[in-house]
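**Student:** Here are the chains, one letter per residue:
Protein chains: 2
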Amino acid sequence: MEEIVIKSSMHDYTIIMGEGIRSQLSKFLSKDYSSILIVTDENVGELFLEDVLAGLDSEHIFHTSINAGEQSKDIATFYKLQTVALECGLDRNSLIVALGGGVVGDLAGFVAATFMRGVDYIQMPTTILAHDSSVGGKVAINHEYGKNLIGSFYPPTAVIYDVETLSTLPTKEVRSGYAELVKEALITDQVTLANVLNADLNNLIPSKLSIDLKAGILKKAAIVQQDEKEAGVRKYLNLGHTLGHALESYHGYGKLTHGEAVAIGTLFSLHISEDLFNTNLPYKEIYDWMKVNDYPLHIKLLSDTEALIKKMKADKKTVDNNIQMVLLETTGKPVNRIVSDEALQNYLHSFSKRLVEV
Amino acid sequence: MEEIVIKSSMHDYTIIMGEGIRSQLSKFLSKDYSSILIVTDENVGELFLEDVLAGLDSEHIFHTSINAGEQSKDIATFYKLQTVALECGLDRNSLIVALGGGVVGDLAGFVAATFMRGVDYIQMPTTILAHDSSVGGKVAINHEYGKNLIGSFYPPTAVIYDVETLSTLPTKEVRSGYAELVKEALITDQVTLANVLNADLNNLIPSKLSIDLKAGILKKAAIVQQDEKEAGVRKYLNLGHTLGHALESYHGYGKLTHGEAVAIGTLFSLHISEDLFNTNLPYKEIYDWMKVNDYPLHIKLLSDTEALIKKMKADKKTVDNNIQMVLLETTGKPVNRIVSDEALQNYLHSFSKRLVEV
Chain A
1 MEEIVIKSSM
11 HDYTIIMGEG
21 IRSQLSKFLS
31 KDYSSILIVT
41 DENVGELFLE
51 DVLAGLDSEH
61 IFHTSINAGE
71 QSKDIATFYK
81 LQTVALECGL
91 DRNSLIVALG
101 GGVVGDLAGF
111 VAATFMRGVD
121 YIQMPTTILA
131 HDSSVGGKVA
141 INHEYGKNLI
151 GSFYPPTAVI
161 YDVETLSTLP
171 TKEVRSGYAE
181 LVKEALITDQ
191 VTLANVLNAD
201 LNNLIPSKLS
211 IDLKAGILKK
221 AAIVQQDEKE
231 AGVRKYLNLG
241 HTLGHALESY
251 HGYGKLTHGE
261 AVAIGTLFSL
271 HISEDLFNTN
281 LPYKEIYDWM
291 KVNDYPLHIK
301 LLSDTEALIK
311 KMKADKKTVD
321 NNIQMVLLET
331 TGKPVNRIVS
341 DEALQNYLHS
351 FSKRLVEV
Chain B
1 MEEIVIKSSM
11 HDYTIIMGEG
21 IRSQLSKFLS
31 KDYSSILIVT
41 DENVGELFLE
51 DVLAGLDSEH
61 IFHTSINAGE
71 QSKDIATFYK
81 LQTVALECGL
91 DRNSLIVALG
101 GGVVGDLAGF
111 VAATFMRGVD
121 YIQMPTTILA
131 HDSSVGGKVA
141 INHEYGKNLI
151 GSFYPPTAVI
161 YDVETLSTLP
171 TKEVRSGYAE
181 LVKEALITDQ
191 VTLANVLNAD
201 LNNLIPSKLS
211 IDLKAGILKK
221 AAIVQQDEKE
231 AGVRKYLNLG
241 HTLGHALESY
251 HGYGKLTHGE
261 AVAIGTLFSL
271 HISEDLFNTN
281 LPYKEIYDWM
291 KVNDYPLHIK
301 LLSDTEALIK
311 KMKADKKTVD
321 NNIQMVLLET
331 TGKPVNRIVS
341 DEALQNYLHS
351 FSKRLVEV
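Keeping their order, the protein sequence lines are chains A and B. Just so you know, we're using full-length UniProt numbering here: the first sequence kicks off at 1 and counts up by one. Just so you know, we're using full-length UniProt numbering here: the second sequence kicks off at 1 and counts up by one.
Treat the hints loosely; a few may be bogus.
Among chain B residues calculated to face chain A with C-beta under 10 Å, some are [to be verified]: (1) Ser34; (2) His60; (3) Ile61; (4) Phe62; (5) Arg117; (6) Tyr145; (7) Asn148; (8) Ile150; (9) Pro170; (10) Lys316; (11) Gly332; (12) Arg354.
Hints listed in this document are in silico derivations from the structure and should not be mistaken for laboratory results. Since this is a predicted model, take the numbers as computed values, not measurements. Just so it is clear, CB atoms sit at the ideal spot from N, CA and C, and this is done for glycine as well.
Work out the full structure, taking the sequences as your base and the hints as a guide.
**Tutor:** Written as structure tokens, this is what we have:
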């Protein structure tokens, strides 16, 4: 079992990684809660809800399930969960547990942030991707105009990461999670990047996954402790997310996985960076690794450039109607840059060409 | 012009009270915002929006209007305002201005708290009642099960209180606001209470109003600085609100004003307190003052006791399914007490009888 303590402006909290810890929740509760509501989705619930319930001995335990998928991160499901929480009799001294991937974590976390102006919540991520969203206290739902546009900075009271739950993930989800690990490695250093690109996602060994996961969490933890509210360095974690979010939103949440969209967005950021900074970045290595591991690098995803640029403008990083992007001077050295609409249009075209040519 | 500085865990902010300051907003902005969205309601907008706009010289100024009344504090209007903010191109560096009473302040404040995970906002209260809601950073919307059940603690960057705007208030609104001033006086001391009960709401002199308002704000400010997140003494501000919220919710938001409901709730708290603590409280003075000033103290509002108790249970102060109420040992000495369902039922009956008998 590994423990990483995160300092936040509201309170410190611990990330606990280990095998089988999903059924030991009682052990990690810091106080006596009047009631506990576990929020999960249909798929994760079927696999792990029983285990989690078995590890809780209090009387007032409730659980509710949402439809799996990004579509559930909407205002209607948010309101429905508030209703469920009220109907279960939750009060200010209650706990919400988010058992699932990033959708469940972001949604249940935002419910916790706003239920009676905020109650405690615990993240129990069950995907690789959620190593990213479960750490750092960013919770949100989507707006029809874009991803995560309505939300809060509201740290969990703990993150309980049972790596055993990752063994059941379909390859598509493994791919999605590794896109964020690659992103984190890109803003860390060359060695970390080389390590991550060693992963064979079609034959992933649990011990290899645990190592990559821990490296990602440590990088994320270091950054969010330095800049909780995303005023500075935390923005770097958005590498690949400007186009990534636009692609997800344009093609409909749930069609592309988040990580698949971020993968394309990351390549796009490298493409622009190489041109802007006149430098060589590991575009080719990453492209090759993505290709081998079946990332959907289809140019048709990019065909409606105007719509994508409009989507990018709705991004939270937009300042004064200018699109801000995270770019890389070198591996481990991210920067923020404004990229004009015209330049973006050109880069989307040259990027599409490059995707075909390679 | 008077200034009161409030310290909060997120940042300090200033309450500025004065005449005509609604048209000097630029002067009070602490930084250069990329855009400003003024949220108001149809009534307030007609009276004061032009003045506020005249005091702003930036290019990117937008405004939007909601329907007046508590019904607008719902999830649909909340989402609609997020949409408006996105369509106006607001970004993380934008400002939201809440121009209006408590509904506009709570709603626009909660939009600001959650738009792209939080942007700055300024409260410009235009009612007496809003002296209470605009100070302290509690923002929220209603759930169909009860008032303010979805929200945040999110302090404004400033409160600009133009007392000139209060001269246009209908008596019903003056009454509503004074109920909170009476509540604040009751938890302050006998002198403050005697002062407030000197007010003749049908012939209110502006200078008298300003004095009472400032006393209320100072009490509120002192309490929220001591206990921002309502873990302790801030709960005392809920005197009269347990039954008050239940009455509002049961009879439909907007039928009774908030203050009218709180007035009845305050009397009810005094009624219980006298019995529980075997003490004499200024029940009769307050009742007489409310009667003279036309507060709706109708027993028919209380007839469905079971439904009211159910509503009271949905209150945020409920702990372990027990209703917690703020009671008074003496004027200036509030306490929190659990009151059982059975006792509440009896108290509601004896209170109804007392309302008729006096």
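**Student:** All hints are to be evaluated individually against the structure, with a verdict given for each.
**Tutor:** Results for each hint:
1. Ser34: Given a least distance of 5 Å, the restraint on B/Ser34 holds.
2. His60: holds, 8 Å
3. Ile61: violated, 14 Å
4. Phe62: With a closest approach of 13 Å, the B/Phe62 hint is violated.
5. Arg117: Cβ of B/Arg117 sits 5 Å from chain A, so the hint holds.
6. Tyr145: holds, 5 Å
7. Asn148: holds, 8 Å
8. Ile150: holds, 5 Å
9. Pro170: Since chain A brings no Cβ nearer than about 30 Å to B/Pro170, farther than 10 Å, the hint is violated.
10. Lys316: Hint holds; B/Lys316 Cβ to chain A Cβ min 4 Å, cut 10 Å.
11. Gly332: Violated. Min distance 26 Å.
12. Arg354: Where the cut-off is 10 Å and the nearest Cβ of chain A is about 31 Å from B/Arg354, the hint is violated.
Taken one by one, the earlier hints fail for this structure at numbers 3, 4, 9, 11, 12, listed in ascending order.
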